[in-house]
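Chains A and B are the protein sequences, given in the same order. Here the first sequence is numbered in the working numbering, starting from 21 and rising by one per residue. Here the second sequence is numbered in the working numbering, starting from 21 and rising by one per residue.
It should be emphasised that the hints constitute simulated quantities derived from the structure, not laboratory data. Predicted model only: the values in this text are computed from it and were never measured. Each hint should be verified, as a subset may be incorrect.
Chain B side only, calculated, beta carbon under 8 Å to chain A, not exhaustive [as the list claims (entries may be wrong)]:
#, residue
1, S127
2, L129
3, I144
4, I349
5, T414
Going by beta-carbon spacing under 7 Å, a handful of chain B positions derived as facing chain A [said to hold, decoys possible]:
#, residue
6, H147
7, A358
8, G367
9, Q368
10, C369
11, Y415
Glycine included, C-beta positions come from ideal geometry on N, C-alpha and C.
Protein chains: 2
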Amino acid sequence: MIQLSEDQIVKVTGDVSSPKGFQAKGVHCGLRYSKKDLGVIISETPAASAAVYTQSHFQAAPIKVTQDSLKHGSALKAVIVNSAIANACTGEQGLKDAYTMRESLASQLGIEPELVAVSSTGVIGEHLDMEKIQAGIELLKQTPAGSGDFEEAILTTDTVIKQTCYELAIGGKTVTIGGAAKGSGMIHPNMATMLGFVTTDAAIEEKALQKALREITDVSFNQITVDGETSTNDMVLVMANGCAENECLSEDHPEWPVFKKALLLTCEDLAKEIARDGEGATKLIEAQVQGAKNNLDANVIAKKIVGSSLVKTAVYGTDANWGRIIGAIGHSAAQVTAEEVEVYLGGQCLFKHNEPQPFSESLAKEYLEGDEITIVIKMDEGDGNGRAWGCDLTYDYIKINASYRT
Amino acid sequence: MIQLSEDQIVKVTGDVSSPKGFQAKGVHCGLRYSKKDLGVIISETPAASAAVYTQSHFQAAPIKVTQDSLKHGSALKAVIVNSAIANACTGEQGLKDAYTMRESLASQLGIEPELVAVSSTGVIGEHLDMEKIQAGIELLKQTPAGSGDFEEAILTTDTVIKQTCYELAIGGKTVTIGGAAKGSGMIHPNMATMLGFVTTDAAIEEKALQKALREITDVSFNQITVDGETSTNDMVLVMANGCAENECLSEDHPEWPVFKKALLLTCEDLAKEIARDGEGATKLIEAQVQGAKNNLDANVIAKKIVGSSLVKTAVYGTDANWGRIIGAIGHSAAQVTAEEVEVYLGGQCLFKHNEPQPFSESLAKEYLEGDEITIVIKMDEGDGNGRAWGCDLTYDYIKINASYRT
Chain A
21 MIQLSEDQIV KVTGDVSSPK GFQAKGVHCG LRYSKKDLGV IISETPAASA
71 AVYTQSHFQA APIKVTQDSL KHGSALKAVI VNSAIANACT GEQGLKDAYT
121 MRESLASQLG IEPELVAVSS TGVIGEHLDM EKIQAGIELL KQTPAGSGDF
171 EEAILTTDTV IKQTCYELAI GGKTVTIGGA AKGSGMIHPN MATMLGFVTT
221 DAAIEEKALQ KALREITDVS FNQITVDGET STNDMVLVMA NGCAENECLS
271 EDHPEWPVFK KALLLTCEDL AKEIARDGEG ATKLIEAQVQ GAKNNLDANV
321 IAKKIVGSSL VKTAVYGTDA NWGRIIGAIG HSAAQVTAEE VEVYLGGQCL
371 FKHNEPQPFS ESLAKEYLEG DEITIVIKMD EGDGNGRAWG CDLTYDYIKI
421 NASYRT
Chain B
21 MIQLSEDQIV KVTGDVSSPK GFQAKGVHCG LRYSKKDLGV IISETPAASA
71 AVYTQSHFQA APIKVTQDSL KHGSALKAVI VNSAIANACT GEQGLKDAYT
121 MRESLASQLG IEPELVAVSS TGVIGEHLDM EKIQAGIELL KQTPAGSGDF
171 EEAILTTDTV IKQTCYELAI GGKTVTIGGA AKGSGMIHPN MATMLGFVTT
221 DAAIEEKALQ KALREITDVS FNQITVDGET STNDMVLVMA NGCAENECLS
271 EDHPEWPVFK KALLLTCEDL AKEIARDGEG ATKLIEAQVQ GAKNNLDANV
321 IAKKIVGSSL VKTAVYGTDA NWGRIIGAIG HSAAQVTAEE VEVYLGGQCL
371 FKHNEPQPFS ESLAKEYLEG DEITIVIKMD EGDGNGRAWG CDLTYDYIKI
421 NASYRT
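Build the full structure now, drawing on both the sequences and the hints.
Given below as structure tokens:
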């Protein structure tokens, strides 16, 4: 553990089990052919918890069960997650199954069911094989802790696990924040098919945590897009168990902004990892917008750019076709004065004064051959800044999704 | 010419030059390698005209010039159109060039410049080669009428020409409506990269025509999507020259609804042809929504479905993955009660009561192997009906757009 000064936030190697008092596990229970498909995060003490959920009209059964758990006091000791089957659009039986998952884990841990959250990801409209889930929960009991196993168990079409970890000092105590996420396709606004799990040993007032999570989600997870889709199962859950023994954080606490910054960095890391691992993606695309009317406008424009199929295919083809970027900005709902928009790519100005600017095509192509592409837009509407993340659109996206179920 | 009874609207073989008093031409002026790239529609008398334009913040120069022409009395005698170069984002010079196109054609026809509309489509940010344009306008003069040449001259990545024609009777006079369009990529709301030209020999009050065009555009051209993009150059133009010698149509005229219906059919045909010819597309997808809260909600949902990358790839893969359809409906802004939504494909019910329904996968696959796919959604929110059209998302979309400029 590093000695941290005030206001210092350090990225460290770690994951959801790095904060004190947390462990994570994952097993193969048979929903998938051979990969791990059932995981759990357990806190040794009840953790103040907050969550944000998909905005879909078809919220999946596990979302409803988690909402029910958080209605009873906003404290959690565990979350159980399965992949392969989303348990969405599964009617009464699906809801019953999600409650059974909650009950089974709670009974094994000897805790109240309301201290358990449930989360699922995978194919919509298929029922869970509850025998396999029950056997998996038994197996979890005997399985040693392993956060890598948990991270694998929550994946679907993802190609890599996603984790991050930060340390900071609050009132002289070291506080750790760890995160894990999944998400690859069906990624767009309002959480899309993505799950995010953040643990921290900080002591935090629930209300402040919920408010912070909502704000941070808007500029992190809600600013990524892979394909404009929103899933039935999206959820970001934060659990704060207080094991760091810091003075309880609240909005009035002098070090609240530092904690919030660290939580933002954690969510931003996970969000970017999801965008980078978009289905079929070869590149992470970041759009930075400066000088929009306000931050909201800047975020809207940034997201339009990374969400544009034509920008995405042009980046895939390493084609500095700034017309695609202009096209995307052009149909955003934000305030845009054409004459004031400037477009930069890899340090070169491509567009200014509503006219193309001379630039080196070969340098632009070289820049686009990298695996992290940043598109910078400067405007003159106000002080609004925003960012968004996406990925290129490739043949493999089609391949993966033309026969997802087969 | 067929004898038409009142209220009868008949689809006939024809195009923009079928209505009396119109001719259309197209030539190769050298903006494209060998295909025709400059076209004109000419009316022998001034035609009451109406237009709708792209909502992009970066409206192209020709759009501004056409708006200027229609400001001076809403009558047009001609429209000149080039492909290959969009003359968008081309600053002062671009605007000057668009005005020069208008002047040159007007001077050749011996008419006021304000009687000419200008339209361009193609790559953004490049200047027109005005010598080629000028020579092309000269060449047009000597070229015999040929609406097929016009239809070819307005294409970019389109693979087929788009035309339609209807006849109807107004007060005993036969009235003809003809249409031509282009559009393949960058197709989404608010006109996208598409051009639509509709001619009719009906006599119509300008104001009624403009109002009808706006309404009809909302349920035809604005209900298609290929890739969620909006272009800088989109325009739909209707010219009504009165050569049919019918009693002038206005909103109070008893036969106005019949004319409006025929205009709607014309625009719908062209819109569907654009969707069917979407970049890389192999299938036309139509979404029909019944029983939404209102028509607006129904249209929003229908468009979400045909706009979903995951629905589009699933249709391409002939995979009856109704979960993708639910996903798309789920994140629409419309009012949706999950339990009341029913999903039908090829006559089979796939989803009802928030649960999957048993259906024949092989029949569904067989249906999806056709080249026109209709997805029907039944709801119980109200009387709203709506439709939208799109196409499947295929490898060829990526291929076409990864290196559009090369």
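Which earlier hints can't be squared with this structure? 1, 2, 6, 8, 9, 10
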